[in-house]
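Given next are the chains, with one letter for each unit.
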Amino acid sequence: MNAPLTDLDRPNSYIGRSVPRPNAKRLLAGRGRYVTDIVLPRMLHAAFVRSPYAHARIVSIDVDAARKMPGVRLIATGEDLAKLCSPWVGVLDHFKSMKSPPQLPLPVDKVVWSGQAVVAVVADTRALAEDAAELVYIEFDELEAVVDIDAAREPGSPVISPELGDNTCFHAKLDTGGVDDIFANAAHIVEDEFHFGRHTAVTMEPRAIVADYNATEPRLTVHHATQTPYQFQDLYARHYGIPESCVRVIAPDIGGSFGMKLHVYHEDMAVIGLSMMLGRPVKYVADRMESFVSDIHARDHRVRARMAADADGKILAMDVEDVTGIGAFSAYPRTSVVEGNQVFRLMGAPYGFQNYRADLQVVFQNKVQMSQYRAVGHPVACTVTERLVDLVAARTELDVFDIRSRNLIPDDAYPCASPTGYKFEALSHHACLAKLRTMMDYDELRAEQAELRTKGIHRGIGIAAFVEITNPGPAFYGVGGARISAQDGAILKITPSGDVHCSISVTELGQGTETIIGQIVAEHLGVDRARVKVITGDTENTPHGGATWACRGAGIGGETALQTAKKLKENVLSVAATILQEQPDRLDIQDGWIVDAATAQQRIELSEIARIAYFRSDTLPPGTQAQLTVAHHYAPQGYPFAFTNGMQACHIELDAETGFVKILKHWVVEDCGRVINPMLVDEQIRGGVVQGLGAAFFEECLYGDGGQLINGSLADYLVPMAVEMPDIDVAHVETLTMDTQLGAKGVGEAGTAAASAAALNAVNDALAPFGAALSQVPMTPVRILKALGHI
Amino acid sequence: MKARAFSYARPTTVGEALEAFAGSAADASYIAGGQSLVPALALRLQAPELLIDIAHIESMRGIELQGEWLRIGALTRHCEALTDPLIAQHAPLLREAAPYVAHPAIRNKGTLGGSVALADPASEFPAMMLAMGAELEIAGREGVRRVPADDFFIELFQTAIEPGELLVAIHVPVVGPRHRWAFDELARRRGDYAIVGSGVLAELDGSRVASIRTAFFSVGNIPMRAHTVEGILTGRDLDQAAIAEAQAALADDLSPPDDEHTPASVRLHLARVLLGRLLGRLMVPA
Amino acid sequence: MSDLITIDMTVNGEAVSCGIAPRETLADFLRQGLELTGTHTGCEMGVCGACLVVLDGRVVHSCLMFAVQAGGSVVETIEGLSDRSAIADIQQAFHERNALQCGFCTSGILMTAHSLLSQPGVPSRDEIRDALSGNYCRCTGYEAIVDAIEVVAQRRAATPQIAEAVA
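Residue numbers (our numbering), protein chains in the order written: chain A, 1 to 791; chain B, 792 to 1077; chain C, 1078 to 1244.
If you're looking for bench data, these hints aren't it; they were derived computationally from the structure.
Every clue listed holds true.
Label-pair ranges, simulated between beta-carbon atoms: (1) B:E807 to C:T1083: 18 to 24 Å; (2) A:D124 to B:H1052: 36 to 42 Å; (3) B:A813 to C:T1083: 24 to 30 Å; (4) A:P678 to B:A838: 50 to 56 Å; (5) C:T1083 to A:P496: 48 to 54 Å; (6) A:R453 to B:A978: 25 to 31 Å; (7) C:Q1231 to A:E191: 49 to 55 Å; (8) A:R453 to C:D1203: 21 to 27 Å; (9) B:A1035 to C:D1203: 31 to 37 Å.
Please read all numbers here as calculations on a predicted model, not as lab measurements.
For each residue, glycine too, the CB sits at the ideal point set by N, CA and C.
Based on the provided sequences and hints, a complete structural model is requested.
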């Protein structure tokens, strides 16, 4: 996996190599610096008083007793913060007819979910703030909670935001035409109703923020556990009326995010205002219980879907109705609609059928707000599609590999488009299918399954094809009016001693962004990567850019680094050529030396070029201005998204008496274009798969009739742990994108996209001999026992 | 999640601990391992004003064979149940159950006495007290007494220990050469509280059950024995027919509650399956 | 009730004597009082394992005890183990195998690995997973962690001098 460089390799050829991460060493030594670790002089701590009700009017707030508690420095309500912060509305223009009520950091009139922060208490310590918070008395007038997606849409049912008219945030339809005819004449129609559990990210490090407002400059510095400091620099500046250049957002080490830390949270916005009111740094760390009732939720969908096929099992059309329950308002600035939008556009994406109809409704609920979380929408679309494909296979008595072989878009059919308008540059479904079959030894597993069934041991094998959206252009957010960048920038410089310093606008969350940027820069500049330092996550020190989400770090950030490195190399060679009295195109840089391009003979060391440029410019020929720092931006301009594809398989053993499932093994074949660091890519896939398996078997946010989150603790919301998770084999096909020189697409969310689909298919495969089936995740023992008729 | 403020005392003898509790005008609580108490304080579900740290009372430590009984000090940690040779030899059901109790780091600190005194109905060790016919040694200001496990568990989180009293030791009747035992639980993930769990301890005469104790946890407000099941099996040859009859009778002994995660019918079904599997393990090999 | 109690303990080999509020957890005392931020808090209720430290020779959750309970005890955090190179081979294996991503669970995982690998024998992959049952990781999916620990166990078994040196 990590082959040492040989004499035959071009020096500094790091791209494609599994090199370890330089910045992981300090994390291993306990020297990480997370926002939760940050202490500033005179820093205070915030705690929030939260609503127990899912829907209620705020009648009165009494803070007198709380104010008198030891160490309390400020208690703030919605009205206090409304004076400082302008409201936000989580809509985007390109989702026509989308609507959402404006939001303030703390509510003024009413609360719309159980757990919503109502009052902020700031004290010398978190414990003292919590002591005082217990003495804040809020009088609520309880209202009927909207907690059911069907009831929410019934005329006459309570409307959460009456000014909007109803509880529908967004309603959209897709229709290629011809669907009804196809279904009327199809040899086979399969259908089912699917239920997906509401999930939440459960990052190891909870949300954390330290806001430090200094009115004398003025200056707002925010240490924020976020994936996207640039977005927040813009938001804090605009909503709090601080000039953008006076706002600095720093994202240090982040303890996991998976999309969750992209969104605006009321408490986080409140903390900015609290610091402004106090003129002191204010820190807020969501504790684990708070995280469950305030971090965004995702994937709460009910999908009714049908698939039509001909007698030979060729899929002809799909017809889908998706209703998804979000919170009481759309999240900001990325909305609560993108997930549903991706669900109904990704249905059937790996397959060649061209007739499709879908109806998406996004419905307000008095529950925690909802927005993008790893593999946004993909798991839902993939699970529905892949289960229906298996149903067609059963009807036509085709093996699950064969049905897909018959229907996946041929590998030479590109470029082409999906019936939902997605444009595919080049995918490799069949190559991945073949590779999967071999690597999992499918035929052997089937034989073994048959044999074990005779002994009462029930194994299940499930596979799933998927397509993944990566490297999004402005079509994602920019066109909708959001100030979320789709481009990135880098500043690359040679330091006086010949080291390389790269500041770049993609961010590091542990996936290895800094490492792969270092690999790309080192390779394209021609230096040992140990001499390259990559800086990310600080709006003060890096150009403005898109940061990291939707798997854009490698494809877009990497391309930015590549182009910037090439530019700097040109500058270096220009100076070197002048010094050496050579033509620049006769020179190259290898291992930190300027060399003869033809012979690789070393001519002058890079550090010497730097010394001359920085300290002895008097020795340069007149008119020579050495430019050893370059700034460069790259905006994707080809396909609106770089689609990737892959196949996954899951092998399980079902205990039919108890409904318990043991996951034996999982496989992934992934095509993400050029792989920059195989080890990091494979680990992203593994981590993503396990999140998908968590969704398949364990995770769901359970709500009571009154809108209370019933299982909002780490003991009750079950995240996947080591004993229950399998080893995961990963293999690759590499179909480069021609849109960039680097050729890399994204991969961070691929594992999650199809893991639960493969798992559902595997469990249904094990249940098939019993005539039982499931179309709901998570597949708990209770649900399996019900399907089996044991209870 | 920060606890409310409290005072702290660290007695070195049982007498001192009892005095500290009795002498406190404010609400007091003992703390040993703290693995269940500390989260309760952090969540502010409990807020004693005085915490009496009993973890350093020497007389509550130690494992000692005393004739037909094994005396296990209440401060014995869960991890010791995994490794102690006297427990392995004389109270093997504890050794069987121990790997299922939470996780290694919890086992390094949590105490058997703490687990039994808390009597969480979903915990392993309280149920094993029933399965083993243990006796619990309780110290109060009036003196010390031993309470049989069958009389110890009263209601949800309520045991024979009166406020201020201390569980100082667990006495387990040692197993003999005719004893067989089995333990298992069904939990969503390793270390989670079980959906249902059971330990059985039987004395077998060949394949005939001379005596049997069956204890279940996560089936109600307290750990429970299945007396009807035991009645059916006592004096019987342990075979598939007997096991099936025992399983069928389990509904007479257990009425698990419904909860939002698990309907009562599922718990009962799983308890039946578990009983069948455990009894199967007890069967003398042909 | 808000009185501080003077507590003496040894932390990472150094004698520490501090006035501590009884309600302060050991985790918070280490992180804030002693500024040893390598120990992390992910749940404050003993479920996630991010806060593990060595207390009197055993790995325990520092969020599940109050600092005052550790009076008279010997505590070692990730910084201590790291600085005295007790886990250098484990850290190296983790680095080579990329058995960490965001790093927030890593201190606790290294504690568990250190504890497991201090026991005699070479654990199987299942035994490694079992030892990790109390450590939540959201990033890696666990396999790389199991791989790294397995490699260290094999290396230590092959060269007993390493095993002795780090004990």
